[in-house]
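**Student:** Kindly produce the complete structure, drawing on both the sequences and the hints.
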Amino acid sequence: MSARLTWRKTVNVVMLSLTGVCTLLAISVLFFILGYLVYHGGKDVNWDFFTKLPTPVGESGGGMANAIVGSGKLLLLAALIGVPIGLLGGVYLSEFGGRTVPFIVRYTADMLNGVPSIVIGIFAYAVAVMPVHHFSTVAGGFALGIMMIPIVLRSTEEFLHGVPRSMREGAMALGASKWRTISSVVLPAASRAIITAILLSLARVAGETAPLLFTAFGNRFWSPGWGQPIASLPVMIYTYAVGPYDDWHRQAWAAGLVLLGLILVINIIVRTILARGVSAQRS
Amino acid sequence: MQRADNTTSSGAEPSPSPVRAYLLSCGSSSLADRAFSALMLVCALSIFAIVLLILVELISGSKLTIQKFGMSFFFGSAWDPVNGNFGALPFIYGTVVSSILALIIAVPLAVGVAIFLTEMCPDWLRGFLAFFTELLAAIPSVVYGLWAIFVLIPLMRQYLNPFLIKTLGWSGIFAGPNYGIGMLAAGVILSIMILPIISSLTREVMSAVPHAQREAVLALGATRWEMIRMGVLRNARIGIVGAIILGLGRALGETMAVTMVIGNNPRISASLLGPGYSIASVLANEFSEATGSLYLSALIELGLVLFLLTFIINGLARLMILVTTQRGSGVAQ
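So the sequences go chain by chain: B and S.
Take the first sequence: its position 101, counted from the start at 1, is 101 in the working numbering, and no numbers get skipped.
Take the second sequence: its position 310, counted from the start at 1, is 310 in the working numbering, and no numbers get skipped.
Hints were generated in silico from the structure; no laboratory data involved.
Think of the CB as a built atom: it goes at the ideal place given N, C-alpha and C, for glycine as much as any other residue.
Take the hints with a grain of salt, since some may be wrong.
To be verified - Heads up, incomplete: computed chain B residues facing chain S, CB under 8 Å, no partners named: (1) M15; (2) S117; (3) K178; (4) P234.
**Tutor:** Okay, here's the thing in C-alpha cells:
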C-alpha cells in the first residue's frame with residue numbers, strides 16, 4: 001500500500017516537473033531564435049540598410065530601402081482591402097443576423113484562415129496576374145488583403161461582443177436607429193480594441209512570404225506606381241538566405257531582425273494597450 | 001416616496017436631452033438602416049464568395065491535368081516537366097511525413113506547456129509565459145527558415161544526426177548521407193512553428209473543463225497529476241485532438257521554412273535524413289517559373305489538393321474544439 005502511494009507520488013512529481021521542462025524548452029527556443037537574430041543581424045542593421053538600394057551581385061554594401069518601402073505599400077493595399085470588408089462583416093456577425101448565418105460565416109472564416117498562404121497566392125495569381133500577364137504590386141496587396149479579411153472579421157466580432165448590452169439598449173431607448181447606435185455608440189466604445197486588432201492582423205500578414213512569391217514577385221530597384229513587381233522584406237529574406245553569397249546572408253539576418261522587430265513591437269504595444277483598456281473598463 | 005418623485009419630475013422643465021436632439025438631427029430613416037445592414041451582410045458573405053472563388057479558380061486552372069492524368073496524378077512518382085509527365089506522390093509523401101514528424105515532436109511539448117500554464121503556474125507568471133509561447137506564433141515563417149538554415153541545420157549535422165545514425169541507423173529510418181537538410185529538419189522546424197497553436201488551443205479547452213470536475217477527483221484522494229489526467233485531460237480529450245489536428249493543418253500548408261530546409265528533391269526515401277519535397281515547397285519553387293500550360297496546371301492541381309486537404313482538416317478540428325468547449329460550459333451552468 002505504502003509502496004503504491006510512493007509510486008503515485010513519484011509519478012506525480014515527475015510528470016508535473018516534465019510539464020515545467022516543456023514550458024522552459026518552448027520559451028528557450030524563442031530566446032534562442034531571438035538571440036541569434038540580434039547577434040547576427042544587429043551588426044548589419046545600419047543607416048545604409050534603411051536608405052540604400054541592393055547592390056549588384058558580388059558588390060558588398062547596399063541596403064534594402066526598396067524592400068522596406070515595398071512592404072509598406074503592400075501592407076497599405078492589404079489594409080485597404082482587408083480592413084473595410086473584415087470590419088463591416090464583423091459588425092454584421094456581432095450586431096445583426098440570427099444564429100445560423102453568423103455561425104456559418106464564423107466557421108467558414110476560421111477555415112479560410114487556416115488555408116495555406118501559398119494557396120491564396122495561387123488564387124491571387126489567377127485573379128490578378130494571369131489576366132494582365134505580369135507581376136504587380138496590386139496583385140501582392142490583393143493576396144495579403146484576402147488573408148486579412150477573416151482575421152479582421154473574427155477579431156472585430158469578438159471585441160464587439162465585449163461592449164456591454166446596456167450601452168446598445170441605452171442608445172436605442174434614446175431613439176437611435178440601429179446603424180446610428182452602431183456607428184456612434186458601439187464602434188467608438190470598441191474602437192481601441194478594433195484598432196489593435198487591425199494592427200495585429202497587419203503584423204500577421206507583414207511576415208507572409210509565400211503569397212508574394214508569384215504576385216508581387218520582387219524587384220532589385222524602386223517600383224514606382226502600383227503596376228510593377230515590387231520588393232518586400234520577407235521575399236528579400238528568402239532570396240538572400242538561400243542565395244550563395246556571404247554578404248547576402250548577412251543582409252538576410254539584418255532584414256530578419258528588422259522584420260521581426262517590427263512585428264514584435266506591434267505585438268507588445270498591442271498587448272499593453274489591450275491590458276490597460278481592460279483594466280480601465282473594470283475599475 | 002412615489003408622490004415626491006412625481007412632483008419633482010413634473011416640477012422640472014422638460015428639457016430635451018442634447019443626445020436626443022443630436023440623434024434626431026442626424027435623421028434615422030429605416031432606409032439607412034436597411035442599406036447599412038445590407039452592406040454589412042455583403043461583407044460578411046464575401047467570406048463564402050472568396051472560398052468559392054478560390055475553389056473555382058483552382059479547379060478551372062487544373063482542368064488540363066485532371067483530364068489528362070485523372071487519379072494516376074496522385075500515384076505517379078515521376079515529376080518531369082520537360083517531357084510533360086507529372087506525378088504528385090513524392091510531394092504528398094513529403095508533406096505528410098514532415099507534418100507527422102512535426103506532430104510527434106510538438107504534441108507532447110505543447111500539451112505539457114498547456115498543462116503547466118493552466119494547472120500549475122502561479123498567476124503572476126502565467127501572463128508572461130503565455131505571452132512568450134504565443135510570440136513563437138508571431139515569428140514569420142521565413143525568419144524560422146533563415147534561422148533553420150544557419151543555426152538549426154549545422155547543429156543537426158554536427159550533433160543530432162550522427163547520434164541518430166549511430167544509435168538508430170540499423171532501422172533504416174536514420175540512415176544515409178548526413179546533409180543536415182532533409183525531412184527531419186523540416187519536421188523539427190515545423191514542430192516549433194505549430195507548438196504555440198496546439199498549446200494555446202489546448203489551454204482553451206482545458207480551461208473550459210469545469211472546476212467541479214477537478215475538485216471531485218481531488219476529493220477522492222487523487223494526486224495532482226492524477227487529477228489532471230482523469231479530471232481534466234479526459235474531459236478535454238476531444239478538444240485536444242481538435243487542437244492537434246488544427247496544428248496538423250497548419251503544418252501541411254507551411255511553405256517558406258519547409259522549402260528552405262527540406263532539401264527540395266522529389267524522391268521518396270525511407271530515411272528521414274534524406275532530402276524530400278513538399279507540396280507547398282514545390283509550389284513556392286516552381287510556380288513563377290512554370291512554362292507551358294500543362295506544367296502550370298499540374299502545379300495548380302497540387303494547390304487544389306492542398307486547399308481541400310487543409311480545408312477539410314480545419315473544419316474537422318474546429319468542430320471538435322467547438323464540441324468540447326460548448327459541452328464544458330454547458331456542464332458549468
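**Student:** If a hint holds in the structure, say so; if it doesn't, say that too.
**Tutor:** Right, here's what the structure says about each hint:
no., hint, in the structure
1, M15, "holds, 4 Å"
2, S117, "holds, 7 Å"
3, K178, "holds, 5 Å"
4, P234, "holds, 5 Å"
The structure agrees with every numbered hint stated previously.
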